[in-house]
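**Q** Each chain, letter by letter, is given below.
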Amino acid sequence: MNEVIEGIIQAIQLIVSLDQEVLEITAKSLLISLTATLIGSLIAIPIGGFIHFKEFGGKRGLVTIIQTLYALPTVLAGLLVYLLLSRSGPFGFLGLMFTPTGMVIGQIVLIIPLMIGMTLIALSGVSQTKQDTVISLGATETQTVVTIVKEARFAILGGVILGFGRAISEVGAAMMIGGNIRGYTRVLTTAIALETSMGNLSLSIALGIILLAIAMVVTGILFLVQER
Amino acid sequence: MIEFEHVVKNFGEKEVLKDTSFSIQNGEIFTFIGPSGSGKTTILRLIDMLERPTSGAISIDGINVSTLKDRDRITIRRKMSMVFQKPSPLRGSVFDNVAIGLVFRNIGRDEIQARVPEALELVGLKGYEERKAGTLSGGEMQRVAIARAISTKPDILLLDEPTANLDPASTEKIENLISALKKRFEITVVLSTHDMVQGQRLADRIAVIIDGRIGQIGTSKEIFYHPMNRAVANMVGIENIFEGVVAKNEGGLASIEVNGISIVATTPLPAGTPVVLYMRPEDITFHVKDGVKSSARNEFTGTITKVLPMGPNARLKVNAGIKLTAVITQRSYEELDLALGKDIGLAFKASAIHVVEKTA
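For the protein sequence lines, the chains are A and B, in the order given. The working numbering applies: residue 259 is where the first sequence begins, and numbers increase by one. The working numbering applies: residue 5 is where the second sequence begins, and numbers increase by one.
Bound-form chain A, shown alone (with noise of 0.2 Å):
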């Protein structure tokens, strides 16, 4: 217990020391996951809302599908990317295997069946009688996309948080594709797993305080926007 307690106040040390490694690990954590996150929004969102808005057959297979994937295991997520990006892999040649590059990939991938369902979620939200109220109005097929992702757009904004979450807090994909290389592909959750059997607490501590502080400005951020 009595090294639990000194793990948390070394912890505190380090953090408000802004220890360089700390702050190194935390910032590519972040960059990675924000770019994740950005990029898989871009792939998201219109998916989401071709789905949505578009009638086509094996519609309902698909939405279980992606549904299913909420609970994409993490690791198999690094998986499929090991293999894709993996020297005999289709995309061996890349280069990305073990590069923060590769580590975006595996979020990218892990997150957009939550995404895309969130998006589902988002929009099935908007009441019919509002879209005939925009159809009705003189909407064009596209005024009509745009104005009903508008509308929904706080709800799709609390799918991208959500997917965000997933990204910064996974470790399996990570540690996988990233290889957990000091000072290039080392982020908060790897970072976390390395120091922990190593034995080295109080950075594991540190980083994990940290890494709950971004889930809670997260979830934060969430809160309000589904207060509006």
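Everything labelled a hint here was simulated from the structure, so no lab data went into it. Predicted, not measured: the structure shown is a model, and the values here were computed from it.
If you want the ones that stay clear, here's a sample from chain B, every Cβ over 12 Å from chain A, calculated:
hint	residue
1	Lys-22
2	Ala-235
3	Ala-251
4	Lys-310
Mimicking SDA-like on lysine to any residue, the simulated pairs with C-alpha atoms at most 25 Å apart in a straight line are:
hint	chain 1	residue 1	chain 2	residue 2
5	B	Lys-136	A	Ile-479
6	B	Lys-252	B	Glu-361
7	B	Lys-225	B	Met-314
8	A	Lys-408	B	Leu-140
9	A	Lys-312	B	Gly-16
10	B	Lys-136	A	Thr-387
11	B	Lys-353	B	Val-292
12	B	Lys-18	B	Arg-217
13	B	Lys-18	A	Phe-314
14	A	Lys-317	B	Thr-58
For every residue, glycine included, the Cβ atom is placed at its ideal position computed from N, Cα and C.
Go by the hints and put chain B onto chain A.
**A** Then chain B, alone, in the frame of chain A:
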């Protein structure tokens, strides 16, 4: 002009609109009256091309819109505006809401700045531009929805039960507005309502729609006093419906046998014709049995079998050999010292009875 020719609309297995034909002239207020679920909203949605008919043809200003491609439908739809029963505020200010139809049409900013306050003033919401649309009351939002619909200066305004969820004061404002809009802009207004009296107040012509079928189209006088069939009569509140046979007819004044009782009514139908008689409860007058003759050709004595108070009026069921329903003011009810089981004299004019030949 809006024309429906044998239009049918199915949702899945359910036939919501059955072989419907009518035409609405430019510049008239045309009202669909019918109970909930009768198909009124479907007709409005078909006119606005939010639905496609299952069969039949719909044309607007001579163009068959049922088969048009989406792109061409928008051009026609932009001549119309629809206000829905439940108004949907879009996010943003009242200004943003009223402007949106203009934005869709790529109207210039200066013109939008001019037209939005103009539309808001028309609906009595001058100065509401900066308010958040989501914070308005139901009546205010319905007026914003109307402002939003008229800001685009449509030729046809479609209003789906525009006052269904409103209090009487807001309802009156909206009804006045609809009349004023028609007078000022000579636009065609197509309105659906389940409120008979609203139909009567506003409409040039009324279509009674029952169970997906149009029962009758006519002026409010035609609909309320000369219903074509029993379903329409029931819908418009005619409770006295009797079947009989014309016994004799002298110059249009006929004696009609109903349940062994002779009723005098005006009709050109000859003796021997089986008929249905319709009479509004309001057309029956009461008097105490004092031997004084009234000017009405039909006078009976009956027993009050039921009294139903309805605000300032009372609805009476009277057995006079035939069962009659009548309306009397509470004041008269008390002055005549009426009560359940009491005998009373009642009278109605020959012209108060609408006679229709009975069809098989």
